[in-house]
Structure formats: structure tokens, C-alpha cells
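Taken in sequence, the protein lines are chains U and R. At position 22 of the first sequence the residue is numbered 22 (my numbering), and the sequence of numbers has no breaks. Adding 1000 to a residue's 1-based position in the second sequence gives its number in my numbering.
Some hints could be false.
What the hints assert, rightly or not - Over the 10 Å line for every Cβ pair with chain U, so calculated as not near, a few chain R residues:
| no. | residue |
| --- | --- |
| 1 | Leu-1017 |
| 2 | Val-1040 |
| 3 | Asp-1099 |
| 4 | Pro-1124 |
| 5 | Arg-1197 |
| 6 | Ala-1265 |
| 7 | Leu-1271 |
Claimed, not checked - Among chain R residues calculated to face chain U with C-beta under 8 Å, some are:
| no. | residue |
| --- | --- |
| 8 | Thr-1002 |
| 9 | Gly-1012 |
| 10 | Gly-1019 |
| 11 | Gly-1020 |
| 12 | Ile-1033 |
| 13 | Thr-1075 |
| 14 | Asp-1111 |
| 15 | Thr-1113 |
| 16 | Asn-1114 |
Please keep in mind that the hints were generated in silico from the structure rather than gathered at the bench. We treat Cβ as the ideally placed atom computed from N, Cα and C, and that holds for glycine.
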Amino acid sequence: MPSHGDGCRFMDSMKIGVLALQGAVAEHVAVLRAIGVEPVEVRLPAHLDGVDGLIIPGGESTTMRRLIERWGLRQPIIDLAARGAPLFGTCAGMIVLAREIVGDEAPILPLLDITVERNAFGRQLDSFEAELAVPVLGGTPVHAVFIRAPIVDRVGPDVDVMARLEDGRVVAVRQRNVIATAFHPELAGETRFHRLVATMAAEHADPGEGVGRRPHPTRRGQQGR
Amino acid sequence: MTETSTWATKKGLAQMLKGGVIMDVVTPEQAKIAEEAGAVAVMALERVPADIRAAGGVARMSDPAIIVGIMEAVTIPVMAKARIGHFVEAQVLEALGVDYIDESEVLTPADETNHIDKHAFKVPFVCGCRNLGEALRRINEGAAMMRTKGEAGTGNIVEAVRQLRDVLAEIRRLQGMRQDELFVAAKELQAPYELVRDVAANGRLPVVNFVAGGIATPAAAALGMQLGAEGVFVGSGIFKSEDPARMANAIVQATTHYQDPKIIAEVSKGLGAPMRGLAMEAIPEQERLAVRGW
């Protein structure tokens, strides 16, 4: 099915991008496939054409910063978010999306009103796994893998906290269409975050009657959104 | 409820390094150049492999002061090398808090029979391999990441290509086997049956696999990636080249865009001289590094 849609899109025609500059790209691609969403690896701005959402994977945020700048991806991703498409960042992806980074580093894609601290738990020896309650995903806890993980130090007024560690520190947040986790749901067979992103993408792709520009009722098959 | 240094976190850090370039550095200044160029991690060393090869003698773990200096200089993960079988060097590196240990054939082996029991450590290990059997023996010992050995310090990718092809061809061969043939395959590979069965079922190693040994140009990095490596180690290839910052950056770009020859061409322009290379025929058998490890 063409990506411009017909106002009645199903999960199996939806495309979600995975920023594939570096990092745990294949893991997110596998989760998307498992829930019936078509993944698109995004290395250049043109690869964003027709995607209904974008995942920014774990990896090294310093590397992603260089590559986002070098290949002109900054503004196209900001534009995608401004159109209401969901963005989901895990670990380094959370750092990429944060408005403020502790230590005066310039933000990369300042789309989430949080302050994030890199390597907040220490070095690799402090990486850990934990069972984490994420109430919006239901009663079953998320098995969360934290690898040289960041932490959210400050949460802006429009940001919802999705999960905290037992000591109260914030590790998952949502601001409208932007979600970020300090941990890696994609490493532990967890699909609920990706399902949430896919649902948000479906709503974005098909806002329903009375929302936004309406296609002509007799020409829905031919017209864009 | 929380558990540190689990198999998922050890193996997981390597998964985060995929699609990236890990660079050998010998000073904090070089580490900063590497980080600035987009390296996903650095390997902290006293000498790069080309210099180790030139110096001869016994090559050991680096001075901890050098490793700590590099750890303090950058925010990306820092790896360091221990000699094959030298578990006390590994203990020292773990005590320093390095993020990954490379049990490396580039250093002079400390044990001609045994490798380090890597399960006994909280820090994860990467090991070199020339073929699938060697890779699975290292994984059985606890390695959470693999790389080819190549022939380090040569700027010659021929050995890494051979080894990468060997590993991946062996995996494809296992995939085509009947269940009842995997027992003999395990015997022939001299590898545990459980790991052989896992590889046959999944069509890949159970850990991340990088190309290493002899990479000195952006095209060489992309060659490794196109053959099926999941990331790239560059040893002497960066800081033995004419313009290390540009070479480092170009190899990073070529690793991300390894399927795009136009981009590889663009980033390869005007990089200055790469490191001077060595033909395999010029290296006497007893000076070859890849044959170390068993």
C-alpha cells in the first residue's frame, strides 16, 4: 500500500523509521517486525519520506550527534515531530531528544523538555537489569536493561513521567508525541513501548473525522490526508 | 531486585557499539580526537599494534596510568587489552574500571594452553577469532563480543577478510544441516554443541561480531561491513595515517554508510596517506599475531 495513505490505514501498511546511524538498530527493527510494523532504516533525510514515526536507538550519543549534523538530519527530524509523528528514544536516544544535557553540552534534537545526565550510574561495571513498573503499559512490570544509562534530572511541566526507579529517579518520560526511556526495552523481548508508538503513529496517520484537513467523501481513495 | 554485570548488560554494551568504529589510542589527546571524530569507543594502549610489531620483544598490558588518563579524557566507553590467559592483568583492568577487556593476540600470550575464564569477571570481554570454532570456544569461556584477528599492525585487510568469510561461511553451512548432523559439526568445530545448535537456529553468533586487524581506509571498513561484520575496530590505521582526525572521521562515515559507494567515495577524497601497509609475505611465520590463541 502506498505510504500516502487513504485515511484507513492498518498496522501492516504502517512504516516506522529507525535512525540507523549507529547502535542497536537491528534490535528495534526486529521488535517492529514482530508487531507487524514495517521498519525503515534511516541514514539520510530522504529515508524519512513516508515514515509515520521514528525510533532513535541506543548507541553512543556523541557519535549520533556528529552523524546527525553531518548528514543534515536535524531539521527533518524536528519537522517530523512537529507534524505530530511519534518519536521514541532509548538510552542514547533519550540524550539525543533532551532539551538540556548536564555538563553544558549543546542539545542535539531539543524535542523533550527534560534535563538528562549521561552515564549517570557510572561505567559499564554499574550497568544493571531491573523490574520496573510502568503503569501506562499495564500491571506487568517491564524488564529493563540499563547500559551505561542516562537519568532524567529535571522534568518540564508538559512532560509526563512514565517510570521511576525505586529511589524515585525518573527513567521514562512522555511529552505529547515524544517518548524516551533511559533503558532498553528492545533488549528484553518487551514490545509494549513499540506497540504504543505504533498506536500513536496510526492516530497520527489517520486523525479521524473532524480532525485536520478532510478528504472529499467520495474521493478518499485517491486523495492525500 | 536490580542485578549488575549480567550477561544481558555485558553483551548489550557491544550491541550498542554496532555500526560504529572503535579506535586504538595511546594518549588522552588521541582519545579526544577519536571521540570528536565519532568513535563509539576507544582502546587504550601504550603502543599501537604497528609499533608493537616494530618493537618486538614481549608486549604486555599498558601502564594503568595511561589507561586511567584516557578514561578521564572521554565520555565514550574505554577498552583495554590483557594478554591471552593473563587473568591477573584482567583483574587489574577490572579494578581500574575499564568498560571492556580485549583478551588480545596483539600482546604476547601469557598461557599457551588456557584462555581467561571470562565468566569469572564482572567486566565484559571481547576476543579475536579466525574461524567459527575459535569464536564459539571464546564465547563458551564468557566472551560477550567477538572480532576477527586479522593481522594487526599491517594495514593489510586480507587476513580479516579471510577470517570473516570463514566465520560467516561456517554459520551458513550449519544453517543447512539436519538436527542430527550438528553433533558431528560440534565435534569438528571443537565447540560446545549447545552453542553450535544456537548458531544453526539463529544464523548468527550469539554475540556481536566486529571486523578487526588491518583496516586502514574507509573502503576497508565498508568492505568488512558489507561482508557481514557489525562494526569496526581500527588499530594503527588512524594514528599512523597522515591526517588522523580526517581519517578517523572518514572511517566513521564509511561505516555508517557502508552500502552507499557514492558516500564512501566522497569521504575518501583527499585524506592524505594512509598508514604504510605490510604484505603478508613480508611477515615471517613466527611474527604473525593471528596464530596466537587456541
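Now the hints, each set against the structure:
1. For R:Leu-1017, the non-interface assignment is contradicted: its Cβ lies about 7 Å from the closest Cβ of chain U, within the 10 Å cut-off.
2. The beta carbon of R:Val-1040 is not kept farther than 10 Å from every beta carbon of chain U, the shortest such distance being approximately 4 Å.
3. At roughly 4 Å from the closest C-beta of chain U, the C-beta of R:Asp-1099 falls inside 10 Å, breaking its exclusion from the interface.
4. Chain U draws R:Pro-1124 into its interface by the beta-carbon criterion, the shortest separation being 7 Å against a cut-off of 10 Å.
5. With a least CB separation of 20 Å from chain U, R:Arg-1197 remains clear of the 10 Å interface cut-off, as annotated.
6. The Cβ of R:Ala-1265 sits about 15 Å from the closest Cβ of chain U, beyond the 10 Å cut-off, so the non-interface label holds.
7. No Cβ of chain U comes within 10 Å of the Cβ of R:Leu-1271; the nearest lies about 16 Å off, and the non-interface call holds.
8. Here the hint on R:Thr-1002 is kept, as its CB sits about 4 Å from the closest CB of chain U, short of 8 Å.
9. Evaluation of the R:Gly-1012 hint against chain U yields a held restraint, the C-beta minimum of about 5 Å falling below 8 Å.
10. Taking 8 Å as the C-beta contact cut-off toward chain U, the hint placing R:Gly-1019 at the interface holds, the least distance being around 4 Å.
11. Here the hint on R:Gly-1020 is kept, as its CB sits about 5 Å from the closest CB of chain U, short of 8 Å.
12. Because the closest C-beta pair between R:Ile-1033 and chain U is about 13 Å apart, greater than 8 Å, the hint is violated.
13. A hinted interface residue such as R:Thr-1075 counts as satisfied when its beta carbon comes closer than 8 Å to some beta carbon of chain U; here the least separation is about 6 Å, so the hint holds.
14. The interface hint given for R:Asp-1111 is violated, since its Cβ lies 25 Å from the closest Cβ of chain U, which is over the 8 Å cut-off.
15. The beta carbon of R:Thr-1113 comes no nearer than 29 Å to any beta carbon in chain U, farther than 8 Å, and the hint placing it at the interface is violated.
16. With a least beta-carbon distance of about 24 Å to chain U, the hint placing R:Asn-1114 at the interface is violated under the 8 Å criterion.
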